[in-house]
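**Q** Sequences listed follow chains A and B, in order.
Residues 34 to 360, numbered by this note's numbering, are exactly what the first sequence covers, in order.
Residues 258 to 614, numbered by this note's numbering, are exactly what the second sequence covers, in order.
Because the hints were derived from the structure by calculation, they are not lab data.
Glycine included, each C-beta is placed from N, C-alpha and C at the ideal position.
Any given hint could turn out to be false.
Stated by the list, open to error - Here are a few chain A residues that face chain B, going by a calculated C-beta distance under 10 angstroms:
no., residue
1, Q45
2, V95
3, I96
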Amino acid sequence: MPEMNLLEAIRQGLDEAMAADPRVFIFGEDVGKRGGVFRVTEGLYDKYGPMRVIDSPLAESVIVGACIGAAMNDMLPIAEIQFADFIAPAFNQIVQEAARIHYRSNGDWEVPLVIRVPYGGGIHGALYHSQSVEAFFAHVPGLKVVTPSTPYDAKGLLKSAIEDPNPVLFLEHKKTYRLIKGFVPEEDYRVPIGPADIKRPGEDISVFAYGLMLHYCLEAAQTLAAEGVSIEVVDLRTLRPLDTETILASVRRTGKVLIVHEDNLFGGFGGEVAAIIAEHAFEYLDGPIVRIGGPDVPAMPFAHSLEAAFMPSPASIAAAMRRLAAY
Amino acid sequence: MAEVAETTQPLLERATVDELKHYYYQMLLLRRFEERAGEMYVKAKIGGYCHLNLGEEATIVGLMAALTPDDYIFTNYREHGYIIARGVPPGPVMAELFGKETGVSGGRGGSMHLFDRKTNFMGGYAIVGGQVPLAVGAAYALRYQNKPGVVVAQMGDGTTNIGAFYESLNLAKLWKCPVLFFIVNNGYGMGTSVEAGSSEPDLWKKGASFRIYGERVDGTDVLAVRDVVRRLRARAEAEGEPAIIDAVSFRFRGHSVIDSDRYRDPEAVRRGRELYDPIRKFATLLLEHGVIDDAWLKAVTERVEREVQEAIDFANNSPDPKFEDLYKYMYATPVPNTPTTEDAIRAVKINHGEFDV
Numbered sequence: 034m035p036e037m038n039l040l041e042a043i044r045q046g047l048d049e050a051m052a053a054d055p056r057v058f059i060f061g062e063d064v065g066k067r068g069g070v071f072r073v074t075e076g077l078y079d080k081y082g083p084m085r086v087i088d089s090p091l092a093e094s095v096i097v098g099a100c101i102g103a104a105m106n107d108m109l110p111i112a113e114i115q116f117a118d119f120i121a122p123a124f125n126q127i128v129q130e131a132a133r134i135h136y137r138s139n140g141d142w143e144v145p146l147v148i149r150v151p152y153g154g155g156i157h158g159a160l161y162h163s164q165s166v167e168a169f170f171a172h173v174p175g176l177k178v179v180t181p182s183t184p185y186d187a188k189g190l191l192k193s194a195i196e197d198p199n200p201v202l203f204l205e206h207k208k209t210y211r212l213i214k215g216f217v218p219e220e221d222y223r224v225p226i227g228p229a230d231i232k233r234p235g236e237d238i239s240v241f242a243y244g245l246m247l248h249y250c251l252e253a254a255q256t257l258a259a260e261g262v263s264i265e266v267v268d269l270r271t272l273r274p275l276d277t278e279t280i281l282a283s284v285r286r287t288g289k290v291l292i293v294h295e296d297n298l299f300g301g302f303g304g305e306v307a308a309i310i311a312e313h314a315f316e317y318l319d320g321p322i323v324r325i326g327g328p329d330v331p332a333m334p335f336a337h338s339l340e341a342a343f344m345p346s347p348a349s350i351a352a353a354m355r356r357l358a359a360y
Numbered sequence: 258m259a260e261v262a263e264t265t266q267p268l269l270e271r272a273t274v275d276e277l278k279h280y281y282y283q284m285l286l287l288r289r290f291e292e293r294a295g296e297m298y299v300k301a302k303i304g305g306y307c308h309l310n311l312g313e314e315a316t317i318v319g320l321m322a323a324l325t326p327d328d329y330i331f332t333n334y335r336e337h338g339y340i341i342a343r344g345v346p347p348g349p350v351m352a353e354l355f356g357k358e359t360g361v362s363g364g365r366g367g368s369m370h371l372f373d374r375k376t377n378f379m380g381g382y383a384i385v386g387g388q389v390p391l392a393v394g395a396a397y398a399l400r401y402q403n404k405p406g407v408v409v410a411q412m413g414d415g416t417t418n419i420g421a422f423y424e425s426l427n428l429a430k431l432w433k434c435p436v437l438f439f440i441v442n443n444g445y446g447m448g449t450s451v452e453a454g455s456s457e458p459d460l461w462k463k464g465a466s467f468r469i470y471g472e473r474v475d476g477t478d479v480l481a482v483r484d485v486v487r488r489l490r491a492r493a494e495a496e497g498e499p500a501i502i503d504a505v506s507f508r509f510r511g512h513s514v515i516d517s518d519r520y521r522d523p524e525a526v527r528r529g530r531e532l533y534d535p536i537r538k539f540a541t542l543l544l545e546h547g548v549i550d551d552a553w554l555k556a557v558t559e560r561v562e563r564e565v566q567e568a569i570d571f572a573n574n575s576p577d578p579k580f581e582d583l584y585k586y587m588y589a590t591p592v593p594n595t596p597t598t599e600d601a602i603r604a605v606k607i608n609h610g611e612f613d614v
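All chains, full assembly: derive it from the sequences and hints.
**A** Okay, here's the thing in structure tokens:
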């Protein structure tokens with residue numbers, strides 16, 4: 034089984050999906066000749082040509098909008114938003130049209146669309162190249178929101194997303210692209226959209242995370258293990274539909290909860306996880322539900338010192354785990 | 258209403274007697290459907306927001322007469338007439354306005370969100386400009402799959418001021434898409450005139466910097482609309498050349514049924530309805546040429562009256578959507594951890610105070 038980084042796994046997933054089904058095409062800024070700013074689509078333009086790997090104008094509304102129309106007309110489009118921060122002009126198309134057409138047409142039309150969105154910070158990208166946007170979109174029924182954290186999951190979830198007849202927002206943490214490596218099987222496989230994955234089983238605290246933070250949590254859990262605290266790390270993988278069963282089962286086993294995301298805390302996705310646990314596993318809790326997230330500032334600042342203050346770290350996560358273990 | 262040159266070609270060289278009669282019938286059907294829909298709104302059979310096609314009948318019928326079954330149609334929220342002229346019976350359309358289960362969107366959409374898969378009617382869109390990028394994508398799909406047909410993006414004059422319109426023009430030309438940007442120019446975006454809202458009030462010129470050809474047509478002349486759509490449709494299909502059609506007409510009433518229309522001079526509106534009534538104009542023309550006579554007019558009026566009444570009766574007698582179906586069609590496939598029929602029943606019972614949470 035070859036080892037590769039997360040970016041390569043996504044590229045391989047795109048390549049295989051395009052080879053398998055001529056209805057699949059990619060549309061986004063500089064995805065063609067340049068191979069994308071992160072080089073995710075590198076080589077695909079040469080292999081599949083300009084009708085299938087299409088350099089878009091700098092116009093996010095029509096990138097997503099045209100993909101919706103093509104999806105309604107028997108194609109399987111993959112839109113790429115170059116940076117999650119640039120998704121705002123397409124918000125209307127994603128939320129008002131893609132998410133609602135199947136419902137409001139009473140099932141007449143489907144929108145089998147994937148929107149790939151590199152997100153997240155810690156890469157010195159400053160305010161408009163670091164944002165996390167999952168909370169905006171996970172709020173919307175009719176959308177699916179996927180946040181893979183490992184190469185294996187990324188490729189398997191991507192293929193599921195492409196085959197899914199619903200609009201899927203596929204969030205790729207930029208810092209994990211080359212940082213995170215893992216084994217990816219050579220044979221064809223899928224990771225279903227929906228189920229969470231227990232990346233590290235444990236007994237004392239349940240930790241829920243995704244994206245880059247999942248890896249920071251695993252690192253912190255390793256630290257805590259040396260201190261005699263057993264941490265269960267659950268990779269949510271899909272934010273909508275959320276795997277509440279796995280979440281609640283884990284909480285019922287451990288009795289303590291830590292939720293970690295990079296997006297700022299207020300109104301963030303962690304609030305939803307906390308609410309579900311409070312509603313359905315209240316009597317199993319041995320301590321307060323603890324959340325860690327980015328601070329509530331307008332966006333991630335540029336300077337190293339300020340960025341470091343924004344990003345939760347393995348150390349800050351470990352500290353929260355310790356406090357919770359001692360509670 | 259903006260002025261447009263008229264054709265001098267003799268009537269019977271342009272259409273057969275049967276076609277002419279059919280266009281008249283369709284226009285009258287749309288007229289009475291909308292007038293009665295307005296009445297039904299006053300009687301509280303229809304609620305919410307409701308925008309009528311009164312004054313635009315020739316625009317709609319002319320457009321649909323030029324399209325083929327291979328074509329796809331996206332419209333804005335003023336679209337009752339479009340789906341009927343495309344071939345969906347008035348009953349399920351009226352039922353949708355009433356919010357009934359038998360409506361074209363199962364009562365989920367209402368007036369502004371009509372869909373019909375069978376006739377490639379890809380929907381009414383309540384967000385201004387929401388449909389325009391989609392039409393370009395659907396047209397790209399036709400081109401990619403080497404399928405016949407074109408895609409129509411119908412919109413109001415106000416939509417030509419939103420960014421998505423320009424993004425769509427750009428992409429349509431870049432991609433050589435068989436798409437027609439069909440602007441229903443009734444002079445007003447709600448209460449703001451075209452001149453007040455658009456620095457270029459000649460809307461057909463708005464494609465110029467995208468190298469997209471545009472043309473203005475008298476939207477109250479059913480044959481003129483049909484002919485321009487036919488011509489530009491054929492070009493779009495054969496050459497992948499998008500085009501803008503600026504069909505001018507006169508809006509008979511306010512923006513929606515609850516708009517009191519105070520921003521227009523009542524006398525000008527009264528005069529406009531007389532001058533620019535596409536149905537009266539067409540009837541006069543057909544009578545002058547001996548295509549129809551008074552007896553035929555009487556018969557077709559009675560037929561339309563009956564059909565619209567039947568549509569109202571159908572809507573009236575149709576059941577409401579079942580509340581158990583609240584969560585149906587959220588996703589195209591079963592999705593874990595989404596609410597179910599049981600959840601919907603429970604929610605309604607709680608709302609009705611039938612049991613505690």
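**Q** Each of the hints needs a verdict: does it hold here or not?
**A** Outcome of the hint check:
1. The interface hint given for Q45(A) is violated, since its Cβ lies 24 angstroms from the closest Cβ of chain B, which is over the 10 angstroms cut-off.
2. Against a cut-off of 10 angstroms between C-beta atoms, the interface hint on V95(A) holds, since the closest Cβ of chain B lies about 4 angstroms away.
3. Taken as an interface hint, I96(A) checks out: its beta carbon lies about 8 angstroms from the nearest beta carbon of chain B, inside 10 angstroms.
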